[in-house]
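Colleague: The whole structure should be built from the sequences, with the hints applied where relevant.
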Amino acid sequence: MFVFDPYSPAIDADPFPAYRRLRDEFPCFWSPEAGMWVLSRHADIVTALNDWQTYSSAKGNLMTELPNRAGATLGTTDPPRHDRLRGLIQHAFMKRNLETLAEPIRAIAAELAAELAGRDRFDYIGDFSSKFTVRVLFAVLGLPMGDEATVREKAVLMVQSDPVTRTKGPEHIAAYEWMQAYAARIIALRRAEPCGDLISLLSSAEIDGDRLEEREVLLTITTLIMAGVESLAGFLVMFALNLADHAEARRAVVADPALLADAIEESLRYNTSAQRFRRCLTRDVTLHGETMKAGDFVCLAYGAGNRDERQFPNPDVYDIGRKPRGHLGFGGSVHACLGTAIARMAVRIGMEELHRVVPDYARVETDLPWMPSSTFRSPTRLDLVRA
Amino acid sequence: MVKLTFIEPSGAEVAIEAQEGWSAMQVATSKGVEGIDAECGGSCACATCHCYVEGDVAARLPAPLDGELAMLDNVAAERRPNSRLSCQIKVTPEIEGLILRVAEVQS
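Order-wise, the sequence lines are chains A and B. Letter 145 of the first sequence, counting from 1, is numbered 145 in the numbering used here, and no numbers are missing. Letter 73 of the second sequence, counting from 1, is numbered 73 in the numbering used here, and no numbers are missing.
Bear in mind the hints are in silico, worked out from the structure with no lab data behind them. Note that CB positions come from ideal geometry on N, CA and C, so glycine has one too. Heads up, some of the hints might be wrong.
Taking lysine to any residue pairs in the SDA-like style, the calculated list, with each CA pair at most 25 Å apart, reads [stated by the list, open to error]: (1) A:K323 - B:A12; (2) B:K31 - B:D66; (3) B:K90 - A:Q311; (4) A:K131 - A:V254; (5) A:K293 - A:N314; (6) B:K90 - A:D78; (7) A:K323 - B:E34; (8) B:K31 - A:R344.
To list a few chain A residues with every Cβ distance to chain B over 12 Å, as calculated [said to hold, decoys possible]: (9) T47; (10) I187; (11) D319; (12) E365; (13) P369.
Modeller: In structure tokens:
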């Protein structure tokens, strides 16, 4: 009997064979292990993303939701409240408003890459990408330096889930609570001394004349930090892994860094770190002969939709010339990732600077250690050796 | 299905049978229409799916909401009275026959 358990370590390591069976044989599949339906075809996921009235985010969007978070963040509210909240924030994340960050981000990347000079072998995550992302996020949000290592550790823990209990473990909840306390300290700092930045603005923002609820301010900022540290870092690792594994693509982007933009899009399609998010049905929906009931949760498996040959020919081939528009690497529609522009910019600049110092590399281990997470997918260590 | 026509920056016309409930941007990108970047993924946050709506049907489109009007300030090509962000145009039977001329630059 076919099983799809998003908590299984085998799915963390390689979900793609199971995704193929889901798309071909079980396009609307009830997973008892996940306790939800799973949609895996590109077109079905796009339709669900558009129909927020039916596929609601208000009961949470993470596959294994953090307690008391649903309803208080961008990703866990529906329009019209969502649109008003997003309207307060998105200006800061628009491409044209990020241009002043390009040089600081480049300086961070160059400094970390320089530390790799002369080393034949290194842990891409520990030595480069995790330090890079947390310092980029601190620069973007203007956070006081000093807590970077702990913020990184807690962000990575809070997105994980326990493969045995299929829920958040005490260490994950503790990390989430730590991050809320950290966000509360930053909010208090900004309220005492507003400096016109995003957190100052959010800390005193109003919608229709009403202040945001304290829970909204706290959890929105907690989520921004989590996403900024973990999602960006996770994708940076997947991108380096793809380039390590595909020598022709790596040589092409090193020879012509302008091709990095296309390679980033292909990696967002090929194996986005944001593999699966969830919605909750507000009415019964019949799809592919199955009836999903109001109140049921539905997993939107972006990673499966991105390998759907109904949309992307030869989907299992990594091809940086593909230009895969309409991929689901950042989700899509009203809840598409807020950080698309900063993510693309940081990944491009980070890899440009890494490639100046380490232009040719391969991975050391065939079997990687994968993060236990029902929502996100990336390895926890990636040893690279100069090729 | 609803028939829409996109005119690419090269002048090429692409007729598409579009799925109801999708946005014009999603229809265009999934069918490979040239010239629509849609960097933000359809959340009305980047102004890179800019089109000019044409034809008799354009007058029947629901008016843009405040968020789209504000984002249209950021388009790279000339903003005209018939400028729209295609991610905010929902495919419905009422827009059968709509022509969307893709802006010549998006960023």
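Colleague: Evaluate each hint against the coordinates.
Modeller: Structure-based check of each hint:
Pair hint K323 of chain A plus A12 of chain B holds up; C-alpha atoms about 20 Å apart against a cutoff of 25 Å. For the given pair, K31 of chain B sits about 29 Å from D66 of chain B by alpha-carbon distance, which is inconsistent with the 25 Å threshold. Taking the CA atoms of K90 of chain B and Q311 of chain A, the gap is about 20 Å. The hint holds against a cut of 25 Å. Straight-line distance between C-alpha atoms of K131 of chain A and V254 of chain A comes to about 22 Å, which keeps the hinted pair within the 25 Å bound.
Restraint check for K293 of chain A and N314 of chain A: not satisfied, since their Cα atoms lie roughly 34 Å apart, outside the 25 Å limit. At most 25 Å may separate the alpha-carbon atoms for a hinted pair to count; K90 of chain B and D78 of chain A meet this at roughly 18 Å. In summary, the hint linking K323 of chain A to E34 of chain B is supported, as the alpha carbons are separated by about 11 Å, within the 25 Å threshold. Between the alpha carbons of K31 of chain B and R344 of chain A the distance comes to roughly 24 Å, so the proposed pair stays at or under 25 Å and holds.
With a minimum CB-CB distance of about 6 Å to chain B, T47 of chain A fails to clear the 12 Å threshold, and the non-interface call is violated. Every CB of chain B is more than 12 Å from the CB of I187 of chain A (nearest about 24 Å), matching its label as outside the interface. With a cut of 12 Å on Cβ distances, D319 of chain A stays outside the contact zone with chain B, its closest approach being about 15 Å. The beta carbon of E365 of chain A sits about 33 Å from the closest Cβ of chain B, which is more than 12 Å, so the claim that it is off the interface holds.
No Cβ of chain B comes within 12 Å of the Cβ of P369 of chain A; the nearest lies about 30 Å off, and the non-interface call holds.
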